[in-house]
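Chains as they are written, first to last, in full-length UniProt numbering: chain A, 1 to 371; chain B, 1 to 371.
Some clues are possibly wrong.
Which copy? The list can't say, so a pair holds if one copy fits it or any two copies do.
To be verified - Under the rule of at most 16 Å between Cα atoms (straight-line distance), these lysine to aspartate or glutamate pairs were calculated in the EDC-like manner: (1) Lys216 - Asp76; (2) Lys348 - Glu247; (3) Lys340 - Glu212; (4) Lys162 - Asp105; (5) Lys162 - Asp97; (6) Lys348 - Asp222; (7) Lys216 - Asp45.
Rather than coming from a laboratory, the hints here were simulated on the basis of the structure.
There are 2 protein chains.
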Amino acid sequence: MNSELASDPGESTVSVDLGDRSYPIHIATGATGRFAAAFARSLGDVSHVLLIYDAAVEPWAEALAAQIRVESTRVDAAAVPSGEPSKSIAQFGQLLDWMLDRGADRRSVVVAVGGGVIGDLAGFVAASFARGIRFVQVPTTLLAMVDSSVGGKTGINLSGAKNMVGAFWQPELVWIDTLAMKTLPDRSYLSGLAEVVKYGVIDDAVFFDYLESNAKALVERDPEVLRYAIRQSCLAKARVVGEDERETSGRRAILNYGHTFAHAIEATAGYGTLLHGEAVSIGMQMAASLAIRLGRCDAGVLERQTEVLQACRLPITFPEADVAAMLPVMMRDKKVAHGKLRFILPTKIGHVELVGDVDPAEVETAIRAHC
Amino acid sequence: MNSELASDPGESTVSVDLGDRSYPIHIATGATGRFAAAFARSLGDVSHVLLIYDAAVEPWAEALAAQIRVESTRVDAAAVPSGEPSKSIAQFGQLLDWMLDRGADRRSVVVAVGGGVIGDLAGFVAASFARGIRFVQVPTTLLAMVDSSVGGKTGINLSGAKNMVGAFWQPELVWIDTLAMKTLPDRSYLSGLAEVVKYGVIDDAVFFDYLESNAKALVERDPEVLRYAIRQSCLAKARVVGEDERETSGRRAILNYGHTFAHAIEATAGYGTLLHGEAVSIGMQMAASLAIRLGRCDAGVLERQTEVLQACRLPITFPEADVAAMLPVMMRDKKVAHGKLRFILPTKIGHVELVGDVDPAEVETAIRAHC
Ligand SMILES: NC(=O)c1ccc[n+]([C@@H]2O[C@H](COP(=O)([O-])OP(=O)(O)OC[C@H]3O[C@@H](n4cnc5c(N)ncnc54)[C@H](O)[C@@H]3O)[C@@H](O)[C@H]2O)c1
Ligand SMILES: NC(=O)c1ccc[n+]([C@@H]2O[C@H](COP(=O)([O-])OP(=O)(O)OC[C@H]3O[C@@H](n4cnc5c(N)ncnc54)[C@H](O)[C@@H]3O)[C@@H](O)[C@H]2O)c1
Ligand SMILES: [Zn+2]
Ligand SMILES: [Zn+2]
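Okay, chain A solo, but in the shape it has when bound (with noise of 0.2 Å):
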């Protein structure tokens, strides 16, 4: 067993650094309970709450309003319809009528209770209302646990634009409890394994270990592991964004590792064909077959990565896809500056680079290597 597990008594906490709006990660299982206190801990005295959430988690979310409620805060609760749908202009607006509506002012605080899509939303609509109010994450996918949750990036979509619109807001907080994952349904989870993953390529070679070794008991959610695996990745999150905060310089986007493949796979497949961590999984493994190509790694790389995401139960390859589609998608990617492509590719396992000026051709021979 991992030494730092052996000392983990199964609750801990990860702090994303960054000056005054520095916060905890607590991860645990089981732990509603304890959520009052540690609102209390980070928040102070709050009088108003407004917790909006998932309606799927609709249970979870009454839970820690109960919670929040014992210290005789007043909670007003709001359900949002589940999917990327609700991350739009108007589900905002709403939000923020009701908020109005609810006699919410500048000391209210926002807990938003969901996956990723509610955490952006939520987080938004607290960047934005009375110009910013605090807010507290409670993620209940994995991929919100390990990778919207933490990192202050909020948003919501345009017809036709993902994240178009936002604010750069920290939360105070950022509360995981694993118990969530038991609704959650596998593919969901699996496809959050692909985050997990990318950190360890990008960032924790002792990390890649670990999931090598026990990636069949994360594939079961061993909640030791999963906890364990959770925390390396927010780890990782937490330094990265600590070193860039707001995207300014660079370092922030070794976290695109594989997403500029993925991109376009899931732009080409149609929206919604592959979950986002399934395409990130496919992702990297071009990124990786492009790394070799280009001399930047050895086979190894590739190899490994190869069999944990296997064993994670991930799709390594997508026969389906539109590669004559997929380039040119590529080209209007963030990464691509001054029409050049660039990529974030791995040099060994653990640590990865930016790559400029990428012949095209050598872009499509890793697109086809895993089609």
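Starting from the structure of chain A, add chain B with the ligands where the hints point.
Leaving out everything else, chain B with the ligands in the frame of chain A:
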């Protein structure tokens, strides 16, 4: 003639000092021809400008757009209907859709041309698009020149709540050309003067002296006097904002001198009966009376303030006031702490302080003194 004026060749720059968010306010008369150069100085190479303007100032917007195009920058322009209802979620969403449609990206720059409505709306659009892109304020009302374009408060309204949604987002440049005053109706212009007088009372006794001597020329829109008054107003606002950018220390509250009364007047008279500056003028009179009653300043403060406001042709009483309705509105105002009324009150010309726990009976008497 004032010595600082003598050394001012007509154009001048005030700087707002906010660390890496600092920016210049440029003040001139008939300087459109130099806009492109100032724009390039503040923003560097820009490939795409989104010019958002009040439909009432189309010729101004077109002249500026032509200037920017001289540098072969692509300019897309959108007219927004005049008036407060444009500060809505619907208009916000429409502008964002339009920007996406025009191919805006995170390097694009928003230029807001109009009064406070356009500046607040376009500023929030810039703050939110791609989680924040750069923007420039070109205020075309006096209120916008001396108040709303400086300080980074952006936002829109919810039905029944002004400025309830928004962001703190600083511009890269504020470009003030007093020629825009040519088309501004008298009532709007004079209304803006109330905020100018406010700066003298709260922060700058020498400037107040100047206003006493030059009120007539100011009312007649003498360009030199007008530029000087705008400059001193911007200096005062920049000083206060520099000390309390996000309204956290309480310092920024001094800008609300007269405003607790003014908001109550506006709310009970029905928004639109009085212009904002007219209500502020009456509100400052009530605040000065309250200060005298509480023994915070001598009667001379009110006398001098009355004379300057009258010389600026601003109302100093509001006989139609619904006094009984005003107090409850004031109790709901943001500056009420734990049910106690708090006011920004003068101690002498050029200095104000926050006074808490004020007896409502004294407030009512101060209101009645100006009805
Ligand atoms: N802000 C960021 O940094 C960031 C990073 C990555 C992704 N994102 C965003 O996150 C979103 C995707 O997040 P997601 O994958 O969590 O999607 P999601 O929020 O849509 O959740 C996926 C599905 O799971 C359901 N669900 C949530 N928790 C559940 C639970 N405990 N039990 C059963 N069902 C549950 C939801 O109702 C939904 O149908 C996207 O909008 C993406 O843009 C944001
Ligand atoms: N952000 C801040 O710090 C701040 C401060 C004070 C006020 N405000 C906001 O500012 C708004 C009020 O600003 P305003 O008084 O400029 O109102 P406004 O923008 O509505 O302009 C007033 C009127 O003048 C017209 N107009 C504008 N420029 C003109 C010109 N050069 N010639 C002829 N007509 C012209 C407009 O079409 C409008 O009808 C309010 O929404 C208020 O909340 C914001
Ligand atoms: Zn991802
Ligand atoms: Zn005002």
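To see whether the hints hold, each was checked on the structure:
no.	hint	result
1	Lys216 - Asp76	neither (41 Å within a copy, 55 Å between copies)
2	Lys348 - Glu247	neither (24 Å within a copy, 48 Å between copies)
3	Lys340 - Glu212	neither (35 Å within a copy, 63 Å between copies)
4	Lys162 - Asp105	between (29 Å within a copy, 13 Å between copies)
5	Lys162 - Asp97	between (23 Å within a copy, 12 Å between copies)
6	Lys348 - Asp222	neither (29 Å within a copy, 70 Å between copies)
7	Lys216 - Asp45	neither (43 Å within a copy, 53 Å between copies)
Taken one by one, the earlier hints fail for this structure at numbers 1, 2, 3, 6 and 7, listed in ascending order.
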